[in-house]
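Novice: Once you have looked at the hints, place chain B on chain A.
Below are the chains, spelled out letter by letter.
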Amino acid sequence: MSSASDIRALIRHDARTVEIEMLADDFLAFVDAFEVTLSDGAVPPEFAERLANLHQRADRLI
Amino acid sequence: MPFAAALRKSLEDRDSDVSAELRRGDSLEDVLNRHLMTVEQLGGDDAFTCILLLSPDGKRLSYGAAPTVPASYCRASKSIEIGPYAGSCGAAAYYGRPIYSTDIATDPVWGNYRALALQHGYRSCWSTPIRNSNGEIIGTFAILHRSTGMPTREEIDAIDLITGHVADAIMRSRDPQFLAKRGAERMARAPLLRLVSDNLAYNDPANRLRAIAEKLQAKAVELDGYADRSDPDLLVQDLKDAAELSRKLAAAIIAQIDFISSGRRIP
Chain A
21 MSSASDIRAL IRHDARTVEI EMLADDFLAF VDAFEVTLSD GAVPPEFAER LANLHQRADR
81 LI
Chain B
13 MPFAAALRKS LEDRDSDVSA ELRRGDSLED VLNRHLMTVE QLGGDDAFTC ILLLSPDGKR
73 LSYGAAPTVP ASYCRASKSI EIGPYAGSCG AAAYYGRPIY STDIATDPVW GNYRALALQH
133 GYRSCWSTPI RNSNGEIIGT FAILHRSTGM PTREEIDAID LITGHVADAI MRSRDPQFLA
193 KRGAERMARA PLLRLVSDNL AYNDPANRLR AIAEKLQAKA VELDGYADRS DPDLLVQDLK
253 DAAELSRKLA AAIIAQIDFI SSGRRIP
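For the record, the sequence lines run as chains A and B.
For the first sequence, the numbering used here assigns the number 21 to the initial residue and increments by one for each residue that follows.
For the second sequence, the numbering used here assigns the number 13 to the initial residue and increments by one for each residue that follows.
Hints were generated in silico from the structure; no laboratory data involved.
Remember, it's a predicted structure, so these values are computed and weren't measured experimentally.
Backbone N, C-alpha and C fix where the C-beta goes; we use that ideal spot for every residue, glycine too.
Each hint can be trusted.
For each label pair, taking beta carbons as the anchor points, the in silico distance ranges come out as: (1) A:Asp52 <-> B:Asn219: 18 to 28 Å; (2) B:Ala17 <-> A:Gln76: 35 to 45 Å; (3) B:Ala18 <-> A:Ala72: 36 to 46 Å; (4) B:Lys21 <-> A:Gln76: 34 to 44 Å.
So here's chain A without its partners, still in its complex pose (with noise of 0.2 Å):
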């Protein structure tokens, strides 16, 4: 059984994969929502934006 410190470590050690974590669901959820337009060859102006975005906060993370 778990102490209460144990779980206090668990939760400080995970934090920074649950953030990578995060951004990973929001990349990849970024390039699902870009996959049809995409796949027809055609990359729309707001994807640059969102991507810009993404990149600055991987910078911040990793």
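Specialist: For chain B alone, kept in the frame of chain A given last:
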């Protein structure tokens, strides 16, 4: 309840939901679609609404939400260069004022998109710029109709009301402080959920992370493929950048899996 009062109440109700929706991770498109469905339910059978968002360079519009406009119409007008003949929305963004096209068949504003609109049965379109708190144009809100006609005073007031609520939702979704707060809330919740979840994937974080890393690697290959097939003038570099980011995230996740497996402390 009169239309104007009903619309005001419905939009105020929507406003109170927007922050919670964005905080739980709903996309801006989802939020705006709900706004527009609220409007269309009150607006009758002949009202097809859409929101177009202006690119950062202020030159192009792309769809932010259009819940009942046919996909074929949206695909054919997915990236509109603003200008005097770029339909009501392209012209509204270009001139910085509302453009009420009372008859698409004859209005010169529809020069570049007339055939597309008429093929889909649209005969009039009223578009208004959406502005941020600094007064800068960030998009347009439009109502398409299958009949010709000019908006009444009451309808113009309603359009102004809707545009204001839509602007608030867009600005809220882009507010850096809000985004940071949402991230912190999700981060605080997620580990606790994992500790109590019976879900096998959550009980084994390494499995879940491995699956995400595999998805990211597959996406990188797909994005490279799109870049190879795209017109060189159409921002191919963005696709290459996206593929590179996908690989970078996959590598970071694999590093986290190693950490979890070894029980080392986070650097």
